[in-house]
Amino acid sequence: MLKKLGILGLSAFLLVSMAGCGMVKYDPTTGGNGEIDLGDDTQAGETLNPEKDMTGTLKIGIPNVVSHTNAINAFIDSFKVKYPNIEVTVEKFDMNNYKTRISQTASAATALNDPSRMFDVFWLAQDYVNEWYDLGLLANLEPFFEKDDTISKDDLADQIISCSSVDGKMYMMPRDYNQVVMYYNRDMFDAADVNYPTSAMSAEAFQKMLVQLRDGLLETDEVNDYGVPYADGVANIIDCNIKWDSLAWPLLKSFGGQVVDETGEVVFDSDENLKALQFWTSLTNDSKGGTRLAIKIEQGGSNPGNQFRMQQAAIYFQSRAVISDIVQDVTLAGQQYHGIKNLGVCALPNFGGTYTVGGGASGYAMYGKAAHVSEAWQFLKHVVSVEGQNAYSDTGDCVPVRKDLLQDKDAVWRHPKALADVLPKNFKHDAFVEHMDAYASTRDFYQYVPFKAQSMVLAKIEEAFNEASSAGSEQILRGVLWSKAENMKELIRQAKG
Amino acid sequence: MTEENVQTRAKPSVPQRLWKWIRHDWGCYVFLSPMIIGFFIFTAYPVITSLIYSFTDYNGIYYTAFGFENYAKIFDFSDMGLGVGVFRSFGITFAWALVSIPLGLVLSFLLALLASKEIKGIGVIRLLYYAPTIIPSIAISFIWADVFRSDGIANQFLALFGLPASLWLEGEGTAFLTLILTGVWGIGGNMIMWLAALRSIPPELYEAASLDGSGRLSNLFRITVPLCTPMIFFNLINAMIAALQAFDVYAMVGHGPNESLYFISIRIYETAFGGSNQYGLACSLGWLMFVVIALLTAILFKTNHWVNYGDES
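Heads up: the sequence lines are chains X and Z, in that order.
Just so we're aligned, residue 6 is where the first sequence starts under my numbering, counting upward by one.
Just so we're aligned, residue 99 is where the second sequence starts under my numbering, counting upward by one.
Read the hints as simulated data drawn from the structure, not as lab findings.
Idealized CB from N, CA, C, for every residue including glycine.
Some clues are possibly wrong.
To list a few chain Z residues with every Cβ distance to chain X over 12 angstroms, as calculated [as the list claims (entries may be wrong)]:
#: 1; residue: L180
#: 2; residue: L196
#: 3; residue: V197
#: 4; residue: I278
#: 5; residue: S308
#: 6; residue: G311
#: 7; residue: S316
#: 8; residue: L325
#: 9; residue: V351
#: 10; residue: L379
#: 11; residue: L394
#: 12; residue: T395
Simulated coverage check for chain Z against chain X, where a stretch passes if three residues somewhere in it have a Cβ under 8 angstroms from a Cβ of chain X [as the list claims (entries may be wrong)]:
#: 13; segment: 158-168
#: 14; segment: 287-297
#: 15; segment: 352-362
Sequences are here, hints too, so could you generate the full structure?
Set out below in structure tokens:
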């Protein structure tokens, strides 16, 4: 009998403990939707613009990636000049688990009703904004902008504000502008005796140049910085991850393709998207002496940059955020890479007829129930301030989000101290902001897709490129597009249901 | 001794009995406590919590409603419901179980028959067949993905003989068959179990059967197989549960071409962690899968009259 009582007691304990764990019902009146009450003007003034000697704490969460660490260190170092008595702690998570860990931390903070368990500020990419807004993780920054006279949204580029907003309200403070560019190794072009690329090239001209480059590299006797002859070492001409939404979606769009149209109809299985896939597979399937014009996903394309760094590929599609890794000697995952000594850059060519380039922003958000609102706001303001942007720009990895700095020829981002000795003198920084008006991001069609289905629809685009990678015929490519379109329809229907 | 005293001694108070119980068995409970506490924290609590979540639209942070909405969605076969997708996943999972379980059992049994022969070098053969099972299944998944990619080793092998390349895991019509091919890799684990069962069969039975003129085939079906039925049943139960929980393929090829390998466990994972944060719905799918496995296991136990437990029956 006593043993049964003991078991019942333990079970009761279990049930009681459960009542307090995890299960929190959404209550819009308690600020669960990211609306932070700033109080009256006096209270708001103290929160938004505290004294410079204010003391406080600030907890920040970021991915454990070198470029993120460099960025946050630059921001914090310059922030401490303004607010020396605010203690900043940074916690880093593996990039693969980053989204989950942030959600889990917020879940624990919500369940235990202890906002201090969650980060006051955390990094996010533009693709996360809708999902985390839907979870109520992000603070609406509009009231802050409205009540704080020391900052204006007008200082920021329109494209960047768009990337940071949901329904016209900003939920992310942008850190930098990311536009995909074409990095190239000038030494490899010189070795192959081919002219450097330009953004004015048509798809045909670009493809022709790739063939010339391959032929030239396979015939030259010159060796790369690793001591390997180009003719033996070159594996692909283009190194990139075509599944990356900043490449995949603009490629489709440049051919006139769409994913979901304005009426919410899935139109992924279109002739335009087929042409885009055919164009790309024509590069990945064009092999001579084992050297392809573009890397296949399954042969390293999902982990791009390594072949370019190893000087086994001459061209690399990426954004500014990785430039310091490319031009400096680095060790990544145990592999030592020499920096590319003679790096060139230009905007992407026109692939499909309608010039389109992948672009967007990443940034930092304030937690919807932040424990240290004033400190968090000061930090976010600092991120987009001239001082903050210049501090980050000095690392070399930043294209600023402020209009005044973007076009300023003398701005720090065009002359970063950290890369002063490694970037060629005539390095074309304008390439990172060229055709900004033609930028495309997944938010183009996200607006027609329910929040719950957005990331899964994106996953279907990735799968389409994955499966197309090994498809040889038009029939198979059509089949891939059709099946993914059907999957998308089902996902959207269910999300609406 | 008064009547009152007798009653008091006969029925000690609850605290006294509890103290006596603890004093008598405390050592046992101290040693058991890590397991008991661990069971409650890591098994009972998540199981009960997931059951409660399954009645909510919990998204990892909060829920807004409590009810049978998730289960209604799962059994809704209209365009807006999940029924068609979920039952397609169950269909793929059952198809996998129906093919892979008999194939695995029969092949591993035949292998065990071969490996049970006391011939020179048989130890090496046993080791070679068993060795693959010590490699983590996730690592094997990545290896198979590499072997069966369009210009992987499998197609290179075909090319050696002038044969055309196959799509293997990348073709809708070939993905399932390729997956079955990869399943053969793990038969070494079952082989060891069969070997144990084969060795437990008394040799006198075979000797007596030989004297009666029984041949090898007759021995196999009249002695070996009947006496191995407990092991067949054990392997069958384990293989069924493992097959219905198949997930390793996700690392190999995701959902497969046109979702041809979209197993139910993969659907559960994607529902929770695929980006839509539908943890409540994933829990309800998980419970549905649990009920299906429990029912099938119960049916197997109820119909296990064919299992020969020797004299016990």
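| message | If we take the beta carbon of S316/Z, is the closest beta carbon in chain X still more than 12 angstroms away? | response | At about 51 angstroms from chain X, S316/Z clears the 12 angstroms cut-off, so the statement holds.
| Separation of T395/Z from chain X, once the least beta-carbon distance is taken, above 12 angstroms | 25 angstroms, holds
| request: Against chain X, does L196/Z hold up as non-interface, every C-beta pair farther apart than 12 angstroms? | output: 25 angstroms, holds
| request: Hey, is V351/Z genuinely clear of chain X, shortest beta carbon separation above 12 angstroms? | output: 10 angstroms, violated
| said: Is the listed coverage of the segment 352-362 of chain Z by chain X valid when you require three or more residues with a beta carbon under 8 angstroms from a beta carbon of that chain? | reply: holds (count 5)
| With a cut-off of 8 angstroms between beta carbons, are at least three residues of the segment 158-168 of chain Z near chain X? | holds (count 5)
| request: Hey, is L180/Z genuinely clear of chain X, shortest beta carbon separation above 12 angstroms? | output: Since the minimum Cβ distance to chain X is about 6 angstroms, L180/Z lies within 12 angstroms and the statement is violated.
| message | Just want to verify: S308/Z was marked as not at the interface with chain X; is every Cβ pair farther apart than 12 angstroms? | response | Holds, since 55 angstroms exceeds 12 angstroms.
| Non-interface claim for G311/Z: all C-beta distances to chain X beyond 12 angstroms? | With a cut-off of 12 angstroms, G311/Z remains clear of chain X, as the shortest Cβ separation is near 59 angstroms.
| query | Per the stated criterion, does the least C-beta distance between L394/Z and chain X lie above 12 angstroms, as a non-interface residue requires? | reply | 27 angstroms, holds
| task | Quick one: work out the minimum CB distance from I278/Z to chain X and report holds if it exceeds 12 angstroms, violated otherwise. | result | It holds; I278/Z is separated from chain X by about 21 angstroms at its closest Cβ, greater than 12 angstroms.
| query | Can we confirm that no CB of chain X comes within 12 angstroms of the CB of L379/Z? | reply | Given a closest Cβ separation of 10 angstroms, the condition is violated.
Violation of the numbered hints given earlier is confined to hints 1, 9, 10 and 14; the remaining hints are satisfied by the structure.
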